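*Asks:* Given next are the chains, with one letter for each unit.
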Amino acid sequence: MTPTKPKFPMTRRGFIARSIAALSAGPFVFPSLTHAKTMTTSDTDAVLIAAAPDSRQAEDRSIRPFTARAPKAAVDDLRRRLAATRWPDRETVADGSQGTQLAKVQDLVRYWVTDYDWRKGEAKLNAFPQFMTRIDGLDIHFIHVRSRHANATPLIIAHGWPGSVFEQIKLIGPLTDPTSHGGRAEDAFHIVIPSLPGFGFSAQPTEGGWGLERIGQAFGVLMTRLGYTRYVAQGGDWGAGVVQAMGRQAPAGLLAIHSNLPATIPPEVEALFHGGPAPKLSEKEGATVGGLGAFAKSGGLAYIVTMGARPQAIGYGLTDSPAGLAGWMLQHSGFAQWSYGQNPEQSPTRDDVLDNFTLYWLTNSAASSARIYWENRERDLISATAQKTAEISVPVAITVFPEEVYRVPETWARRAFSNLVYFHEADRGGHFAAWEYPELFAAELRAAFKDIR
Amino acid sequence: MKLKKLQLAGWIAALCAGLFVSAAGQAAEDRSIRPFTVQVPQAALDDLRRRLNATRWPDKETVADASQGAQLAKLQPLVRYWGSGYDWRKVEAKLNALPQFKTNIDGVDIHFLHVRSRHKDALPVIITHGWPGSVIELLKVIEPLTNPTAFGGRAEDAFDVVIPSLPGYGFSGKPASAGWNPERIAQAWGELMTRLGYAHYVAQGGDWGAPVSNAMARQAPLGLAGIHLNLPATVPPEVAAVLGGGPAPAGLTAKEAAVLEALRKYGMTGGSAYYAMMNARPQTVGYGATDSPAGMAAWMLVHPGFKDWSYGADPAQSPTRDDVLDNFTLYWLTNTATSSARLYWENGARGSVILAAPQKTGEISLPVAITAFPEDVYLPPETWSRRAYRNLIYFNEVDRGGHFAAWEQPGLFAAELRAAFKSLRHAH
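These protein sequence lines map, in sequence, to chains H and P. Be aware that the first sequence starts at 1, since it is given in the numbering used here, and climbs by one per residue. Be aware that the second sequence starts at 454, since it is given in the numbering used here, and climbs by one per residue.
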């Protein structure tokens, strides 16, 4: 099954070490499989893993155009595995309390096999300019779309888990071309959407240490390399941790950050969650604590604990079973209101979600992406203390989406961020707010950064 | 005829509820004990091999040890062997050389081994495995227990051995509805021993077998003379309260303080994550483990009982590579990765099985015996054990063995049961 002259694959550093000189411009050329070092026993797998990059070489700072193109063999292999899925028996409850329900996953997998088309998802990505550049030893993939409005504000958006750049592509139009989306030209953005290290098309770190700090630094380097001397940063989920790290690092050029999962749990509430005494809380704060407590009590944190403790242990099954991968990711609270495609009005659609899962699958990043939990296992993402928000001096903007598990009270936000310039509770949206309501999300960013420009 | 009417009503109700009526449900009134033979179709073994050989691997862990989970370089050769040289038929033959049966209890078909000693007055013992174990874990203790004189023991110390598969595990049926917690399992085990005609018996358990045996002791079914545990629920409440942090209670002995430290370290280094995961979302973790044998093995190898396992590199070690693969293959062939995980969910908010209060050890008046194996996740101090179990008739700390004590040190394990139950041999 060796392709003779395939082009534009979506493999990563598998051939970068050998091909850097030849690839200062132009798309990747897929080397023959006989030269590739593959970790799988399957010929059809698209993912190639190279030897660790040689850090003694002067780092190549070139920005290379990138096009996603999975080999047909990899797409066929995925389908074959999905069609051969071996299923457990049904859960013994009538709801999702034991986890992703069998009937729902089976339906989704059936669709994934028969009707879903990865090439459409690929095309969605390839409709935008994509690039690779090497930062701190890793190839970082990113989408980069410039607005036609010359004075647009550059904006970098960081995704989380189990998300990807697919989550943010619906924002590109509204953000770069606001006048076509009910906005003003003055509110335009140039947009940069990277894939986190270990996720999507970005390379997978071979060593520990790629925590939020290092990712934040890499993204600061990215914006500078792109020639941006003034920019803003946005993030939710792990992306929030990344932009907060950038806020602490305050790289030259960073004007402000926006977060939709800000680290705002105050110390006395954190202590309460660890068995300490109940602090005095307002009604709103009490409701938030109650919500978080209920979530924890119902097992909502288990996947976080598991990936934080043993990312490799859980990774094997997710790498070898696409149904396993989907079943695992669908437990995320961000999917709690997802209709599995039953509601045609809902975003993300079934295809959107499968684009996202298929990206994890084809890039073999289930285990590498889980490691972000490991890297940050001792630093609670929503704890103000753990995320050292007191060290952030850049202006901070926050939007709270109502269906998010953690409903941030403004009192806590003001305590965590001394320079909070924007705080707004939206009227709809959840964890994957950008994916669910892109127009609303874009409007939030316009409002949040209006006075920063 | 009345039976048929009841059954009909049951079927209609079940169909209305959209439930599939299994053969086990129809046989709910059937108390027969049916001989059982393991006969795995060759197609299932071929499918397993195909999947193993087509395993798609992640990149390597970013640490130099097993702290992120089973290491790639250790798991790959294990899976390679599993997909080539390993032979399921060997353990199938071992199992089929032993008397195996099925009987329907409380709506679930229970599989069990039942080996009677040739010595008269042998003491019947029901031994319960845990997760990720199975009856296979206990095969090596059958002979030492039923045939003690061949193992340096005395005929007076012989046992009849009953080894069931937990509901949702091995060849036992999978409960279709919630509620099969250790209490219910214990009740089923009491019924099983009665059904086997035993009027005087003891129970033994480690891992999930411990809460099950605890529950039996609390229920005190007719005939149960006492229990032996190797993962006893002995952590006192004031210590349980600070396992996650906070000042240690005053007055701990050096040994108790050391055990508290060890438990805290275990928690802080992610040791109980697998427990929390299955306790919360057994179905979610089950999908990958059901569709990928390598994924299933990796998940099971996360159990701290395997922390010192050499993956077969040490030929003197038990369990051997084949032993462990026998056990994993049993889970695979019976498609019980998910159903077995549900026991954690069923245990609910009771939390860790080593805590005395949630296991209501204070309600146990029957004799309790404990053996502490040094490499297990929890080394119970005798002081805590005496507090938890007011009728502690035996406590011994041995010098070797870990979580899978019966698997690792079958001779020692059998000797412990002989010593532990010596005083309970005759009905009072």
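It is possible that part of the hints are untrue.
Result set (DSS-like, lysine-lysine): computed pairs, CA atoms no more than 30 angstroms apart in a straight line [claimed, not checked]:
(1) P:LYS593 <-> H:LYS388
(2) P:LYS593 <-> P:LYS547
(3) H:LYS72 <-> P:LYS513
(4) P:LYS813 <-> H:LYS297
(5) H:LYS388 <-> H:LYS450
(6) H:LYS297 <-> P:LYS547
(7) P:LYS718 <-> P:LYS708
Just so you know, the hints here were simulated from the structure itself, not pulled from any lab data. Because the structure is a prediction, the values reported are computed rather than measured.
*Asks:* Compare the structure with each hint and give your call.
*Replies:* Against the structure, the hints:
1. The straight-line distance between the Cα atoms of P:LYS593 and H:LYS388 is roughly 55 angstroms, outside the 30 angstroms bound, and the hint therefore fails.
2. A distance of roughly 11 angstroms separates the Cα atoms of P:LYS593 and P:LYS547; the hinted pair therefore holds under the 30 angstroms criterion.
3. For the hint pairing H:LYS72 with P:LYS513, the CA-to-CA distance comes to about 26 angstroms; that is within 30 angstroms, so the pair holds.
4. Proposed proximity of P:LYS813 and H:LYS297 is supported: the alpha carbons are some 22 angstroms apart, at most 30 angstroms.
5. For the hint linking H:LYS388 to H:LYS450, the alpha-carbon distance of about 26 angstroms falls within 30 angstroms, and the restraint holds.
6. The suggested pairing of H:LYS297 with P:LYS547 is violated, with an alpha-carbon distance near 44 angstroms, which exceeds 30 angstroms.
7. For the suggested pair P:LYS718 and P:LYS708, the alpha carbons sit about 15 angstroms apart, so the restraint of at most 30 angstroms is met.
Hint compliance for this structure: hints 1 and 6 are not met, and every other hint is.
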